[in-house]
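Based on the provided sequences and hints, a complete structural model is requested.
In order, the protein sequences belong to chains S and U.
Mapping the first sequence onto this note's numbering, position 28 (from 1) lands on 28, and the numbers just tick up by one.
Mapping the second sequence onto this note's numbering, position 419 (from 1) lands on 741, and the numbers just tick up by one.
Derived by calculation from the structure, the hints in this document are not laboratory data.
Just to be clear, a hint being listed does not mean it is correct.
[To be verified] Far from chain U by the CB rule (all over 12 Å, computed), these chain S residues:
hint, residue
1, L80
2, D113
3, S124
4, T140
5, E167
6, D224
7, H270
8, P274
9, V290
10, D298
[Stated by the list, open to error] Label-pair ranges, simulated between beta-carbon atoms:
hint, chain 1, residue 1, chain 2, residue 2, range
11, U, T1060, S, G268, 24 to 32 Å
12, S, V290, U, G559, 35 to 43 Å
13, U, P392, S, G268, 39 to 47 Å
[Stated by the list, open to error] Every beta carbon over 10 Å from chain U, so not counted as near; a handful from chain S, in silico:
hint, residue
14, D50
15, N155
16, L170
17, D183
Where a beta carbon is used, it is the ideal one built from N, C-alpha and C, also for glycine.
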Amino acid sequence: MTMTPEQAQWFSGLAERIVTNVESVLLGKSYVVRLGLTAMLSEGHLLLEDVPGTGKTSLARALAESIRGTTQRVQFTPDLLPGDITGITVYDQRSGEFSFHPGPVFATVVLADEINRASPKTQSALLEVMEEGHVTIDGTTHPVDAPFLVIATQNPIEQAGTYRLPEAQLDRFLIRTAIGYPDHASTVRILAGASGPRATVLEPVIDLDTVRTMIDAARTVHVDPVIGDYVARLVEATRAHADVRLGASVRGALALVRCAKTFAALDGRHYVIPDDVKSLAEPVLAHRLVLDPEAEFDGVTQASVIAQVVVETAPPSDRVAV
Amino acid sequence: MSPSPSRSTASVLPRPAILASVLLFTMAAWAAIAFAWWPVYRDLGFVVVAAVAIPLGCALAVVATALRWPAWGLMLAVTAALVVVGVPLAVPSRALYGVLPEPEGLLELISAVALGWTRLVTIDLPVGTYQSLLVPALVSLLVGSAATVAVALRARRPATAVAIPAIGYPLVLAFGPESVVWPISTTLALLLVLLLWLAVWRRHRRTDALIGSVDRGRGGAVRQFASAVMVVLVAGGAGAGLIALIPPPDERTVIRTVVDQPFDPFATPSPLAAYRASFQPERADGIALTAEGLPDGERVRVAVLDSYDGVVFAVGSDSVDSASGRFVRVPARRDVPEGASVAAVELSLGRAFGPWLPSTGQLVDVTIRGEDAPAVRDRVVYNAVTDSAVLVGGAPAGLRYRLDVIPAPVEEVDLSTVSPGAAAVPAIVSVPDELRDWLSPTIQAIEGEGARLAAVVERLQTDGFLSHGTDDDEAPSRPGHSIDRLDELVTATPMVGDAEQYAALAALAAREIGFPSRVVLGFIEGVRDDRGEPPVDPAAFRERDLTAWIEVSTVERGWVAVDVVPPRREVPPPDSDETTPITRPQPAVQPPLEDAPPPDEQAPPDVDLDERDDATGLDPLLLLALQIGGAVLGLILLGLTPVLAILAMKARRRRRRRHARDPATRILAGWMQVVDDATDRGIAVPPTGTRRERAAAIGAPSVLVLARVADRAVYAPDEPNPDEAARVWSAVDAVRRTFRDSATRRERLRAAVSTRSLRRYSDRGGRQRRRKERG
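Printed below as a string of structure tokens:
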């Protein structure tokens, strides 16, 4: 079943309402909000590599409130234990039974702040939930509700005393991006109180059931075979790049197509175009690359490699010789 | 207050280190190429040209870049520089005080820029500063270095600049000599320079690609240089080893090898076939030429003939794979081997010799006397293999000239002591069986090729009788030296003929024995025909003194002249029992090769074309006007042909697009039409951009809508309907009208004839992608 143009318009209208709602809190960051929404509607998770004070918590909270969901924030520290995230089973003396106390992952949007400060064991506990969609404790499986979005953050400046996320775990994040500081005009508006008081709760614009329907609809966006060919050429180019030791995986290619579908639907289209792929190539693929150490030493970044690959890989050309 | 934009050179030129590396590598690369030019000139004048041209070209390119001149500005600057320095450097004989160019010098310079290349490959090397032949070297070094620096400083990919010297080097080699000179050292030097240059550029490129660039440091640079040097050394070592194992040939094929030389002897009648004409009574006592300063026994060579096709002996040519037919122009003075003495001989022609210019010995220099001497001198061509000269256009009667020559040795050679040499001569097409029958009893009992040849010569001297058959008191003797005539010569009793037949027979016999041989037509100092009136001037040769001899190639003495004509004595009456052989008419000239133009034996070579009879019957002025008009019309049509072809191709493409088979294709074709129109109007449409990116580059809002519609037609699952396609083409027409209305007449014309959009689809990558997409 393929999405119809009418469904695409419906999808776009709802998404626009969410984006507008979140943007009332996070001024001037429409693209990041769209990426966050893309991650959630593509059933993926978002990694924000950003300095403190750019609105990461606001984004998570606003997203959750806009869809009538719950939000939890976990500040990752070296002494944080897996049970502090997933929850624990406690013996109840009165009833004589073990009861499960769910952890903060049982929320619609979970903000894992400074994920690289926790031990690898704790990181793995969170990443397992992200991948599997459930928590298993003492042999009992506890599924998390859908939609489920983890927004993890890393501080790219202070690296001392942190546990860098391994490449295999980075691959679990559908999208990596940065919010960045607002531009001058937005900063002036924030200072003038345009984003409202901090304690303000946003009015939800849709409910969780509608979000689940949107997730199902996003899967039905049409992807022409030449788009698949374009994506394949992009990931192959990352593997062949001289400065890359490990290029994008098949999972990366699948993630790019899945995000492109959602991105197209957000734009009101029931089909993917190369511009969707181009727009998402860096947030979806860049963090999956492992650079050659010498190139990394020279200052080559994952983003610069993807930028070069996108420039050098021609999109599908006009298909008929006329 | 914001700072006003300034035309700062600092923002145009790269960092000083990069600029220095560009200049250094450019000069090094073109210096290596200058070494490849050296065998062509071998003169201090060329060194001066290279020393000025390369830095000058580099400087012009730097200045043009710093001052933001467009490409045509740089071209103008280079042209101006060429005009200023061209005459003093490359045509020094036309510069006043060695600096100020004369008007004739400028004309010669301009002419040499276009024609010097042709002259260079039709002249004997080295040429030194002869005439304006330094101009090609000046142009190549000046333009090449300027282009290299300009590309390095301006191009988006500066490394492409190495392509210019990389292409220039083999081109310069192509204009050089066939003999291989410094092949490894110059190639290795250029390769090293270019590889190092690429390594430097790679480093710059990587540094530029960095965001928040981090300098790789001196260690990285050193590693890269070391790697490049290592690659060159390994490649050079492998190449040298390979050359040691499989030595390259001593000679290579260059342009001069294959180019049509100014004189093709095979298109000229064989002078040996006209030999008997010199003995006609009315002509025999006429003065053929006068040679002063000729040592006794020295020979004056008119023509050297080494190719025999069964009918005539002729001068070999490239058509029959013989170096003897390759005549090249002679620069000022040819090299004189160490220890050789040079003699001067003054010659004066008593009659026209056709194109052949009588000469003697080994030519060093020729000086033409009389009016228009430089122009005549420029027409002299020479073949060093046969030591024979030709005056292109014909050597007229009365021509006086001086030859500086290395005289040929005149001592007697004992033929029995020599053995066959290895000189290359054209193969003989056929040898008469009767010759073999005649030869066999003469040589079968003799050991050694030299002794056999001596026996053959002796037999010709004893059995042969000399008769030209032109005087009443002479025995009958048929002219010609075809197989039929030579059959008659060896089978008749007595054997009667003259130098034409005896030389031809002896040359064939020498070939049969194993000696490379050739027939030489000319005069011998001290040898005169004893009939007729003796000349008043002892230095003069009469027509009847013309003779022929053979030369054989020997291991011991090189080419050795052998006189084979028997002395004149009374011819005994023919054997009455012998039947008179029936002979066929003899052609006076050799038949042409299959694809060679028939030689006009009746027209003298120096005939003035203007004097030829015009058979058209039209008034010459009218004819001239018609010819000029036709030529102009033809040129106009020729010039317009590409324009008309482009317009037709675009119209056909547009029509095909508008009527494509299905709505989706028509929509896509409409989009392509807009992009092509924008491309032809000079809008930089990104070739690897998506439709929306291209639409953004084009700028018009309606084009963005078209891009969206085209995207939907291509990528959406549902097929568009025909009405949608019609609307798209309406929009396309509107966009094209907008383009047209916003352009000046000149811009519209340029867009109409632009080939940018046509070239866009001819790139290989594009073809491959389209083929792949069509499945």
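- Message: Just to be sure I understand the hint, the distance between the Cβ atoms of V290 of chain S and G559 of chain U should be within 35 to 43 Å; is that true here?
- Response: For V290 of chain S and G559 of chain U the Cβ distance comes to about 37 Å; the hint holds.
- P392 of chain U versus G268 of chain S beta-carbon gap, inside 39 to 47 Å or not: holds, 46 Å
- Message: Please verify that the nearest CB of chain U lies beyond 12 Å from E167 of chain S's CB.
- Response: Answer for E167 of chain S: holds, closest chain U Cβ roughly 21 Å.
- With 10 Å as the threshold, tell me whether D183 of chain S passes as away from chain U on beta-carbon distances. Answer for D183 of chain S: holds, closest chain U Cβ roughly 20 Å.
- Query: Is it the case that D224 of chain S keeps its Cβ farther than 12 Å from each residue Cβ in chain U?
  - Reply: Per Cβ check, D224 of chain S is inside 12 Å of chain U; nearest 5 Å; violated.
- Task: Report holds if the minimum CB distance from L80 of chain S to chain U is greater than 12 Å, and violated otherwise.
- Result: holds, 33 Å
- Message: Confirm or reject: N155 of chain S is not an interface residue toward chain U, with every Cβ-Cβ distance exceeding 10 Å.
- Response: Nearest chain U Cβ is 18 Å from N155 of chain S, so the label holds.
- Can we confirm that no CB of chain U comes within 12 Å of the CB of D298 of chain S? Per Cβ check, D298 of chain S is inside 12 Å of chain U; nearest 6 Å; violated.
- Does 24 to 32 Å hold as the CB distance between T1060 of chain U and G268 of chain S, or does it fail? Once the Cβ atoms are compared, 28 Å apart, the range 24 to 32 Å for G268 of chain S and T1060 of chain U holds.
- Outside-interface status for D50 of chain S - nearest CB in chain U farther than 10 Å: Nearest chain U Cβ is 17 Å from D50 of chain S, so the label holds.
- Against chain U, does V290 of chain S hold up as non-interface, every C-beta pair farther apart than 12 Å? Given a closest Cβ separation of 18 Å, the condition holds.
- With d taken as the least Cβ-Cβ distance between T140 of chain S and chain U, does d exceed 12 Å? holds, 44 Å
The structure does not agree with the numbered hints 6, 7, 8 and 10 stated previously, though it agrees with the rest.
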